[in-house]
Amino acid sequence: MIEAHGLVKRYGSAMAVNDLSFSVRPGMVTGFLGPNGAGKTTTMRMILGLDAPTQGSVTVGGRSYRDLPAPMREVGALLDAKALQGGRRARDHLLCLAQSNGIPRSRVDEVLRTAGLEDVARRRAKGFSLGMSQRLGIASALLGDPAVLIFDEPVNGLDPDGIHWVRTLMRALAAEGRTVLVSSHLMSEMALTADHLLVIGKGRLIADTSVDEFVRSSSRQLVHVRSSQAAELAAFCREAGATVTSAGTGPDVIEITGMDSAEVGRLAAAHGIALSELIPVRASLEEAFMELTRDSVEYQAAGAPR
Amino acid sequence: MTGATIAPAGPDHRATFRAATFADVLRSEWTKLRSVRSTFWALTVTVVLGVGLGAVISAAAAHGYARSSVSGKLSWDPTAVSLDGIGIATLAIAVLGVLCVSSEYSSGMIRTSLIAVPKRGRVLAAKSLVFAGVTFVVGEVTSFAAFFVGQALISGHAPHAALGDPGVARAVAGAGLALTALAVLSVAAGALLRQPAAAIAAMIAVLFVLPAIAQALPDSWRNPVTEFWPTLAVGDLTSVHHSAHTLQAWPGFGVMCLFVAIVYAIAWTLLDRRDA
Chain A
1 MIEAHGLVKR
11 YGSAMAVNDL
21 SFSVRPGMVT
31 GFLGPNGAGK
41 TTTMRMILGL
51 DAPTQGSVTV
61 GGRSYRDLPA
71 PMREVGALLD
81 AKALQGGRRA
91 RDHLLCLAQS
101 NGIPRSRVDE
111 VLRTAGLEDV
121 ARRRAKGFSL
131 GMSQRLGIAS
141 ALLGDPAVLI
151 FDEPVNGLDP
161 DGIHWVRTLM
171 RALAAEGRTV
181 LVSSHLMSEM
191 ALTADHLLVI
201 GKGRLIADTS
211 VDEFVRSSSR
221 QLVHVRSSQA
231 AELAAFCREA
241 GATVTSAGTG
251 PDVIEITGMD
261 SAEVGRLAAA
271 HGIALSELIP
281 VRASLEEAFM
291 ELTRDSVEYQ
301 AAGAPR
Chain B
1 MTGATIAPAG
11 PDHRATFRAA
21 TFADVLRSEW
31 TKLRSVRSTF
41 WALTVTVVLG
51 VGLGAVISAA
61 AAHGYARSSV
71 SGKLSWDPTA
81 VSLDGIGIAT
91 LAIAVLGVLC
101 VSSEYSSGMI
111 RTSLIAVPKR
121 GRVLAAKSLV
131 FAGVTFVVGE
141 VTSFAAFFVG
151 QALISGHAPH
161 AALGDPGVAR
171 AVAGAGLALT
181 ALAVLSVAAG
191 ALLRQPAAAI
201 AAMIAVLFVL
211 PAIAQALPDS
221 WRNPVTEFWP
231 TLAVGDLTSV
241 HHSAHTLQAW
251 PGFGVMCLFV
261 AIVYAIAWTL
271 LDRRDA
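Quick mapping for you: the protein sequence lines, in order, are chains A and B. Sequential numbering of the first sequence, starting at 1, is according to the numbering used here. Sequential numbering of the second sequence, starting at 1, is according to the numbering used here.
In short, the hints are calculated from the structure, not lab data. This one's a predicted model, so the numbers in the text were calculated from it and none came from an experiment. Heads up, some of the hints might be wrong.
Stated by the list, open to error - Under the rule of at most 20 Å between Cα atoms (straight-line distance), these lysine to aspartate or glutamate pairs were calculated in the EDC-like manner: (1) 82/A - 51/A; (2) 126/A - 67/A; (3) 82/A - 272/B; (4) 202/A - 67/A; (5) 82/A - 19/A; (6) 126/A - 51/A; (7) 119/B - 286/A; (8) 202/A - 51/A; (9) 119/B - 51/A.
To be verified - Restraint ranges, calculated between C-beta atoms of paired labels, are given here: (10) 37/B - 175/A: 40 to 46 Å; (11) 258/B - 119/A: 49 to 55 Å; (12) 37/B - 290/A: 45 to 51 Å; (13) 16/B - 57/A: 23 to 29 Å; (14) 250/B - 21/A: 28 to 34 Å; (15) 119/A - 16/B: 27 to 33 Å; (16) 16/B - 262/A: 57 to 63 Å; (17) 60/B - 106/A: 55 to 61 Å; (18) 262/B - 130/A: 52 to 58 Å; (19) 161/A - 258/B: 54 to 60 Å; (20) 106/B - 175/A: 27 to 33 Å; (21) 36/A - 258/B: 46 to 52 Å; (22) 137/B - 19/A: 28 to 34 Å.
Ideal placement from N, C-alpha and C gives every residue a C-beta, glycine not left out.
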């Protein structure tokens, strides 16, 4: 269980995190979603005691991170897979971390096996690919067999095989009753892994909802119609309570929301209107996410199509 | 998968493991220090420079003794001469000490370390203690070896010292002790400045540049510097002959220790307060 109350982090005049309150519950994967620069990493750094909040507080299992008696036994974290010294062998890297929390040496070999790193355990980490480094980082998070796991963009740089492994692992960890918080800037990734979503943009909480609910509420459906009698059809649709917008590609093309394609087709037939195109369009999850965070994207290419 | 059933984090879960202790962090820092190659090389350089250079200096000084002036003969300190190589070897210790901490910053390892041990003072204390311990052992071995090699080369050409002579054992053991104080200083400097290049430059400035600049100053400025500048004052511990405008052995060492304590306290405070 992770609980944040009114978290604020200010760097000079820049507001990285702005009044963030949420709780992350055990037994499920919680996706921490937001565009780059939204404050995901800053929030995770505050949870882990690396950054001090300007205001507010965050606790893990009821205590602030710095007060945990053996932090790695309670929280496993992977912030940055490359945050290690390359001159050290993988096994020694894990060993020094295990020792710092009084975790037995035997556990090092267990997590090496879990992460599939037995063959490279004696190699120095600087020769590792990003994928191998991610595995090593995840192995270190698992060392203390913690009830809470925090991963910042764990699939970044992984090949399909690695991505599948991470997803399966997260699901398994949550199924064992652990609290799993995973950040990502990819909605599609979260749709496959997470049960619950915390969506942030510009440091503010935009949504705190289950993935199902998010999909249902934000998958905008519209019907694309082309007809020489588009104006007439539009009038009938409006009469029936739908919203009609011009698609902007010509006077004969309209987009209808609030009716499905079957209803539009029936309405057209009833009034003898000939249709040359009738296409149901489902906004993807990715689009729904972009829609939601449009106003809070920190860095946007100039003139980016909206 | 991990084969464990997990209770939600909280008081119940906490009853299943013991709290991490300072001894755990010491063990961890020892593993860190011994598992990178730079440690082995820096310590090898320390021994080789300390003993090898000491031997060269001793041989050269002994051969020059006969031709030296009366005042030169009066201030002849065979113990200090044989330990001269260690002055250069300090650089290897300073660099290694700085890198102990600052390489964690440059690689990002510090974040991993502080997530593992969020009580940050423990990390700094354990690092300092482990590195000081290693330096003490290596430093004493180096200084005693340098002393015996040096005296062997001096004897026959100039008066040489024996360990039983007054002040000699103190000076030889003191060279290892001075190196140990420097080890703690460089760890603290690494934590304070965080960037390896900046911290190494600062150590070189403190050890070599500022004392060299002081030599160019008029006496009224130079004398207090040679007397109280910490890295010069600590030199009084390692010589038997007491020269003008220097402190006695132990007060000199005390000045160095005080300086180390101040730098360490600043490093400790900043480490605790700054975002990592």
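Taking the hints in turn, this is what the structure says about them:
Simply put, residue 82/A and residue 51/A have alpha-carbon atoms about 19 Å apart, close enough for the 20 Å limit, and the pair holds. Distance check on the hinted pair: residue 126/A and residue 67/A sit about 33 Å apart at the alpha-carbon level, beyond 20 Å; violated. This hinted pair does not check out: residue 82/A and residue 272/B have alpha carbons roughly 23 Å apart, beyond 20 Å. With a C-alpha separation of about 29 Å, the suggested pair residue 202/A and residue 67/A falls outside the 20 Å cut-off, and the hint is violated.
For the suggested pair residue 82/A and residue 19/A, the alpha carbons sit about 30 Å apart, so the restraint of at most 20 Å is broken. Of the supplied pair hints, the one linking residue 126/A and residue 51/A is violated, its CA atoms being roughly 27 Å apart against a limit of 20 Å. The suggested pairing of residue 119/B with residue 286/A is violated, with an alpha-carbon distance near 41 Å, which exceeds 20 Å. Pair hint residue 202/A plus residue 51/A holds up; C-alpha atoms about 18 Å apart against a cutoff of 20 Å.
For the hint linking residue 119/B to residue 51/A, the alpha-carbon distance of about 13 Å falls within 20 Å, and the restraint holds. Separation of residue 37/B from residue 175/A is about 42 Å and conforms to the stated range, judged on CB atoms against 40 to 46 Å. Here the CB-CB span from residue 258/B to residue 119/A is close to 52 Å, well matched to the stated 49 to 55 Å. Between residue 37/B and residue 290/A the Cβ separation comes to about 48 Å, which falls inside the hinted range of 45 to 51 Å.
One distance hint, 23 to 29 Å for the beta-carbon pair residue 16/B and residue 57/A, holds here, with the actual separation near 26 Å. Restraint check, residue 250/B to residue 21/A: a C-beta distance of roughly 59 Å breaks the suggested window 28 to 34 Å. Distance hint check: the CB atoms of residue 119/A and residue 16/B are about 32 Å apart, consistent with the given range 27 to 33 Å. Hint check: residue 16/B to residue 262/A, Cβ distance near 59 Å, so the stated range 57 to 63 Å holds.
Taking the beta carbon of each, residue 60/B and residue 106/A are about 56 Å apart, inside 55 to 61 Å as hinted. For the hinted restraint 52 to 58 Å between residue 262/B and residue 130/A, the CB-CB distance of approximately 43 Å leaves it violated. Distance hint check: the CB atoms of residue 161/A and residue 258/B are about 58 Å apart, consistent with the given range 54 to 60 Å. Between residue 106/B and residue 175/A the beta carbon distance is about 39 Å. The supplied range of 27 to 33 Å is therefore violated.
At roughly 49 Å, the beta carbons of residue 36/A and residue 258/B sit within the given window of 46 to 52 Å. Between residue 137/B and residue 19/A the Cβ separation comes to about 54 Å, which falls outside the hinted range of 28 to 34 Å.
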